[in-house]
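Protein chains in written order, with our numbering: chain A, 1 to 274; chain B, 1 to 231; chain C, 1 to 223.
Hint data in this document are derived by calculation from the structure and do not stem from the laboratory. C-beta: ideal position from N, C-alpha, C; glycine also. Just so you know, not all the hints are guaranteed correct.
Estimated spans, in silico, between C-beta atoms of each pair [to be verified]:
#1 Arg22/C <-> Gly86/B: 31 to 41 Å
#2 Asp2/C <-> Asn261/A: 33 to 43 Å
#3 Glu201/A <-> Arg22/C: 56 to 66 Å
Footprint (simulated), chain A over chain B, 3 or more residues, beta carbon under 8 Å [as the list claims (entries may be wrong)]:
#4 6-13
#5 155-163
#6 176-182
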Amino acid sequence: MKRWIRGIALALALVLVLASAAAAEGFRTLDEIRESGKITIGLFHDKKPFGYVDEYGEYQGYDVYLARRLAQDLGVELEIVAVDAPNRIEFLQSFKTDVILANFTYTAERAEQVDFALPYMKVALGVVSPDGALITDVEQLKGKKLIVSKGTTAETFFEQNYPEVQLVRYDSYTDAYLGLLDGRGDGLSTDNTEVLAWAIENPGFSVGIESLGSLDTINPAVSKGNETLLAWINEEIRKLGEENFFHADYEATLRETYGENADADALVVEGGVI
Amino acid sequence: MPDLGISVLFRGINFQRLLLGLWVTLRIALITIGVSLVLGLLFGLLMLRKNRLSRGFCRLWLEIVRFMPQLVLLYLVYFGFARLFGWNLDGELSAVLVFSFWGTAEMGDLFRGALTSIPKHQRESAAALGLTRAQINRYILLPQTARRLLPQAINLSTRIIKTTALVKMINVTEVLKVGQQIIGQYYREPAAAFWVYAAVFLLYFLICWPISLLAGWLEKRYQDGPAAGAA
Amino acid sequence: MDWSFIAAHVPDYLAGAWVTLRFGLYGVGCSLGVGLLCCLARYFRVPVLRGLAHGYIELARNTPLMVQLFFLYAGLPRVGIRLSAEACAVIGLTFLGGAYMAEAFRSGLESVDRAQREAGECLGLTRAQNIRYVLLPQALATAVPALFANVFFLIKETSMFSVLALMDLMNVADTLRTSGGRTVEVLFLLAAAYLALLLPVSLAATFTERRLRYAGFGNQRSV
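This is chain A alone, in the form it adopts within the complex (with noise of 0.2 Å):
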């Protein structure tokens, strides 16, 4: 019988083995990401025209059009992973990807946690409703439900200044979104862009409240400390500023969107210079 429990000894020695040969032990630099030919990026999946999977499963928008150039500019392969709002510092701090470029919003917090290059995009809130029940003002929303994406500045903001806003907190975008087409909620907030872009496209809605808090910008996050890679991203940015890269960005992802009549400029942050 002796034999049985060396037999299960060794059964749970091998997986220990395995999970901590299959975990990261820290962030990968720039050398070694270069070494392994491919670098991880965080990218959402269902927030459109800024990262989502399009019908033949290829992942398109604003942040994955930066993603496969920064892949490229590196010489290496680009391995995406689908990310939700509330994950995204989880997956910085325990190393499951190098790069979040999820549409993260610098804000102090969360530059505690992880590091944030530079700036790409404008953003601040704004919080989209129905055409019959438009909501204008923000003291409008006080006693009724608000719709919000977990972990996004959203629910933060309201949390901290408005919390007599009853939130709604669903854990992804297309949650959210059904939960404002089915009525659980009066409005949805999340950042402007994001709105702007979803209530053009479904008639109905329309965003009462253009912008909400401070003007923030939108950045890439890699680990913290991770210093090699932040300063590459740094340089890149910086040099995709000199052939306007995020107007082409801009006009291949996010200007069939807007409109014709939409400015870049209201969004677009170039060279890292706001």
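Once you have looked at the hints, place chains B and C on chain A.
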């Protein structure tokens, strides 16, 4: 309107994507079932030992698994281990670990139950006939244990397959998540969400139902067998 | 371990635990009812209902609760049936739980000797009286362990309610975790909370099983 909706499933490679997502789910489930079968047998034997320490250890394992919702265990491994030990496991590995932890304990308990339900006189008669320990195990105990175990084991397998739906919460792109991605492109189609979720529902059913039918058939078959324990 | 963090958030967890408990119990209650009805329909071979019950049980037992919840909450509204989050929670739990309870009741009923049922009928008892005074008491003795196991299982299954944006225990923990909270403390409290919630159920189960052990009249194996 429903017509427009269901076509969503067949645009582009949407349906293939759903099936690929289902494959991720099945992969996790199959690996778990495999590991649980092997380790479960060992666990069951450990439970039967007279040693108080090993029995206590097994008991503790079983109780942890019974008390904690699977989702909590998943979070503990996926998020908690990363913070506590610096072990950063990806979603699929965490899922296999957690579900195997659960499956092993359950399988072990089933095995123990099956083995102890064989009447003592079977063993005694065999010994009286002069069979060695190994022969008793092989010709008397094992077949009967397997017969009692099989329906419940298959039942457990179905439960494992269903529980893998939880991995959506730890960022594994399985069938539900793929479904959400598909829905996210068709907000303007009123019934898209309905058909996608209905399709996922049906897919799970089509996989689990035949298996549970098999378990039911096996149970009936073995119930009337001569080895059902009647003297 | 940041104890001040834990102390500060215990009220949140209590609120979440209350939601979990409330909906868990609603679900359990309705499941018992639905389960008993389905089981009786099959046991007495009531035409039509029997087939429906069978179909329902197969459907509910072979699909995960999470998929059922998504379908109820996000799928049905698209064809006009909009249920509140709370309704979806109870309906979802009942849908799943009813099938499991039906199976538990079935194993209980089948363990009662057919002679008992026939004797009751001979004595002129109506079907309802037969069920109430003869069959159920004996069936329950055998079914109680399985029933309690299901109650346990259903309360654990409520951990999926975050997909309905309901602030149950799991969702409270998850929200705290994602708003930059301390993962270890959050998860520790979560585990402790579920333990506190489920321990009484487990004790009640053991207590009840022990008391009902003598209810079976001779149809139990002489162990």
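Tested hints:
| no. | hint | verdict |
| --- | --- | --- |
| 1 | Arg22/C <-> Gly86/B: 31 to 41 Å | holds, 39 Å |
| 2 | Asp2/C <-> Asn261/A: 33 to 43 Å | violated, 52 Å |
| 3 | Glu201/A <-> Arg22/C: 56 to 66 Å | violated, 39 Å |
| 4 | 6-13 | holds (count 3) |
| 5 | 155-163 | violated (count 0) |
| 6 | 176-182 | holds (count 4) |
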